[in-house]
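Trainee: Note that the protein sequences, when read in sequence, are chains A and B.
For the first sequence, this note's numbering gives the first residue as 1, with consecutive numbering after it.
For the second sequence, this note's numbering gives the first residue as 1, with consecutive numbering after it.
Calculated from the structure, these hints are not laboratory results.
Don't be surprised by glycine CBs; every beta carbon is placed ideally from N, CA and C.
Be a bit skeptical, because a hint or two may be false.
What the hints assert, rightly or not - Short, incomplete list of chain A residues facing chain B, as computed with Cβ under 8 Å: (1) Met3; (2) Val6; (3) Gly13; (4) Ser50; (5) Val64; (6) Val66; (7) Gln122; (8) Ser124.
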Amino acid sequence: MSMLNVFDIAGSGMTAQSVRLNTTASNLANAGDVAGSADSAYRAKQPVFSAVYDTFGDGANVAVRVTGITESNAPVRALYQPEHPDADADGNVWVSNVNAVEEMVNMLSASRSYQNNIEVLQTSKDLLLRTLSLGS
Amino acid sequence: MDNEFFGFHAIALQHRSNRNEILARNLAHADTPGFQARDLDFAEVLAATESPTTLRRTHSTHLAANSNAMTDPALKYRIPTQPSVDGNTVETDVEQAAFAENVVQYQASLQFINGKIRTLRHAISGERS
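Based on the provided sequences and hints, a complete structural model is requested.
Mentor: So, in structure tokens, the structure goes:
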């Protein structure tokens, strides 16, 4: 167990949060997408985080891992637009189920968590450097 | 130079360093479903350092039961004030406060050790202050 593990742990946390930011960016960018059927409409994506226990070392190094990306089950909205080239037989196109408010909140949360990890890294680095200069 | 010179401060510094890592882990897992926040109990760490519990080995080929960092009895689970629905017990504000506290304590330990080293240097060089 050493303080150097902090760099691995906080680093994995930052990677996970940036994946979350990426999915949020993708969701927001595709918020207005329309498709020809309900099945092919864009659905909001969300990463799944889990803790990875390192069983080879002393078990202290618990990194964050993104185990997968899930898609939202919220219903997609039908929009009557018969002039749209992708419209189905009834004249409907299907709009993605991205909830912009939800995505903004998610983005803020991910950003704050990312900043937390940076703060932890910075502080631990300062402590390590001070330990290195011990006795001088 | 043996550990006795730094005495308690060496143990304290090691403990602060370990605790730093555990708190960093809690903060990194602030959004992981089901993750349970943990923390070190200094009183237990100190008790274990004073009288370490080891298994008696009756044969030289027996494996030593080295305590694993995750099975350390001093490493306890945090009781959340507001548990979240997904089973995560990390409360970022609590962890941040604990982290800040631990950093200050780490720096205090460093200061004490630095003082000890300065005293020793003084004794070696024999200067009058």
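Trainee: Mind listing which of the numbered hints don't hold for this structure, in increasing order?
Mentor: Failing hints, ascending: 6 and 7.
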